[in-house]
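Here the protein sequences come in this chain order: U and H.
Quick note, the first sequence lines up with residues 1 to 314 if you use my numbering.
Quick note, the second sequence lines up with residues 1 to 301 if you use my numbering.
Please note: incorrect hints may appear among the correct ones.
[Said to hold, decoys possible] Think about it this way: if two alpha-carbon atoms lie no more than 20 Å apart in a straight line, the pair counts; the simulated EDC-like pairs of lysine to aspartate or glutamate are:
no., chain 1, residue 1, chain 2, residue 2
1, H, K99, U, E8
2, U, K85, H, E35
3, H, K99, U, E13
4, H, K96, U, E13
5, U, K29, U, E13
6, H, K96, H, D202
7, H, K188, H, D68
8, H, K96, U, E8
9, U, K85, H, E142
10, H, K60, H, E173
11, H, K197, H, D185
12, H, K60, H, E142
13, U, K85, H, E257
14, H, K188, H, E142
15, H, K99, H, D202
16, H, K188, H, E214
In short, the hints are calculated from the structure, not lab data.
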Amino acid sequence: MNEATRPEGWSGETYHGRPVTKASSFDWKVSAYIALLGMAGSAQVIAAVARRAGGRRARGLVRRARLVALAGSVVGPLVLIQHLKTPSRWYNMLRIVRPTSPMSLGSWLLTAFGGLSALTALGALFGHRSRLARRVADAAQLPAAAAGAGMSVYTASLLSATSTPLWAAAPGPLAAQFGAASMAGAASALALAQRRAGEVGSARRLERLAALAAAGELAASLLAERRWREAGVGHAAQRGRAAPLLQGAKAGGMALPLLAHAVSGRRSGLLPELASLALILGGAALRHGVLQAGNESACRPEDAFRHADPRRRR
Amino acid sequence: MEGGLAHRRALDYADRDPRGPIPQEAEITTGRRVEPGRAYGFFTDTTLCIGCKACEVACKEWNQLPADHLGLTGHSYDNTGHLGAHTWRHVTFNEKIGKDGRRATTMPPYQSHWLMMSDVCKHCDPAPCLEACPTGALFRTEFESVVVQQDICNGCGYCVPACPFGVVELSVEDGKAHKCTLCYDRLKGGLEPACAKSCPTDSIRFGPVEELLEGAKARVARLHAQGQPAAYLYGAPGTPRATGGIGRLNAFFLLIERPEAYNLPPAPSRPAPRALPSILSGLAAVAGLAAAALLIGVGRR
């Protein structure tokens, strides 16, 4: 009865151009957290792989990766708590487990990741003189890597599980993008550390991994853009305030460093280090750009209406 | 009529202190008792709304909500603008006085050329804000309404983008999320919500959702018979397209234009199911890169 009489066809009319949905309060603190914990999470994945592939020869890399993870899981939560509007109640995040809420599951994941990273850090800090510390760290390495993989991508799921058109339109590509950016960031940070430590061969392998991750990041970005176009919600990312940042991240933070790693080959020197730095910053810029563009799309009624149009829904 | 205009139940309390509440006063004002365990909500019939904003005022007064965004918007008579932390009822005004640049010369029945609607939290079931809340501050009450517990909310703000209707908002005053409570305190005391009680045309009707739905369907049929064929229900239980992936809205509406004209999304979806496919594709990407790292031999010198 009701369906039959509902007027068909939206002519593009909005209510005085007013927003339908509300933008999140996620600002630079959240994007910093996403980039930081993504890097820390992927560092644990790299530590687990290096431990397996390199054995004792990977000691230096594993130690540095574990320290990166520890630093991230100490600083990240502090930044995140500052983003709360009532920070003194941060512990209410651990009051319940809400399976439908990526924010709730993410809080528990962060807690687990922090604990596991503390255990692996035991090996990094005291491994040279305590066999117990080494054993505990090695036992915690695989779970830490699993939690780290989750840390690298869950933030994208958190964004997609909202009514913000830009984030909701591309759940898969966004998570792939965030995961690849995390991996590129971690590999690049560790490549820099390995070069400083004089382990150039190890650094080259990490740079190859970072280049591969950057290619994945770029591919996922293009896929996300296609989804946005299809859903008609891409305006904020293409022409909005965050557009220069997103374009810059793609060119200067993904494509150029990818090219630099490809041409630098066996040469050492400034170029690979600059490329690593660009990949780290590019990943952070990408995440910040996605946050900003999402917040802008939430304020665009056209985007909200198109997102809530069943004929456009995939 | 015995007792003049007063409800006969009111006469039972004639000797009471008039300042005190009458038990189950809702029975007098709506004909229905308010009992825990039943789903209560609003049926907002926009064809009856006259845009008086009594609901906005009653809501602000009862819930002691501060005034906000003072000033003129230039959007017809709507200077309230939107629902928010301190605005839990919002009357929208949409002047449709002509088409294609020409003044209308005929008057269809009901809200002829002005569309007015009192917007409110839909108390969705399932509710995206509640599903997003990591602290359990948002919960479903014994009246099936959705309420933020102010002593638990830590202002993470995740419920704000989760809401497909842009209802819930963080207050800059206290750093907590706020929205309509369906007058939880009044329901506990057997009173109907302030907005519904104050509505002079009964455009806002409060009651058990099932009964409201029956009345709403009858109202649609009556309007069709009276020459307003555009009337339809938005967000009513059992009309799947109007609620997208959300089962039902405990506050639903009778509209005579497309939802967009009232700033309502045509078919809002439930955000939570998007998390799983997202995390799986993300983990696949990371696993692929981890496998690549093994092949590259990360860790070897």
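So, going through the hints one by one against the coordinates:
| no. | hint | verdict |
| --- | --- | --- |
| 1 | H:K99 <-> U:E8 | holds (17 Å) |
| 2 | U:K85 <-> H:E35 | violated (35 Å) |
| 3 | H:K99 <-> U:E13 | holds (13 Å) |
| 4 | H:K96 <-> U:E13 | holds (12 Å) |
| 5 | U:K29 <-> U:E13 | violated (36 Å) |
| 6 | H:K96 <-> H:D202 | violated (23 Å) |
| 7 | H:K188 <-> H:D68 | violated (28 Å) |
| 8 | H:K96 <-> U:E8 | holds (18 Å) |
| 9 | U:K85 <-> H:E142 | violated (29 Å) |
| 10 | H:K60 <-> H:E173 | holds (16 Å) |
| 11 | H:K197 <-> H:D185 | holds (14 Å) |
| 12 | H:K60 <-> H:E142 | violated (24 Å) |
| 13 | U:K85 <-> H:E257 | violated (39 Å) |
| 14 | H:K188 <-> H:E142 | holds (10 Å) |
| 15 | H:K99 <-> H:D202 | violated (30 Å) |
| 16 | H:K188 <-> H:E214 | violated (25 Å) |
The structure fails hints 2, 5, 6, 7, 9, 12, 13, 15 and 16 (numbered hints given earlier, in ascending order).
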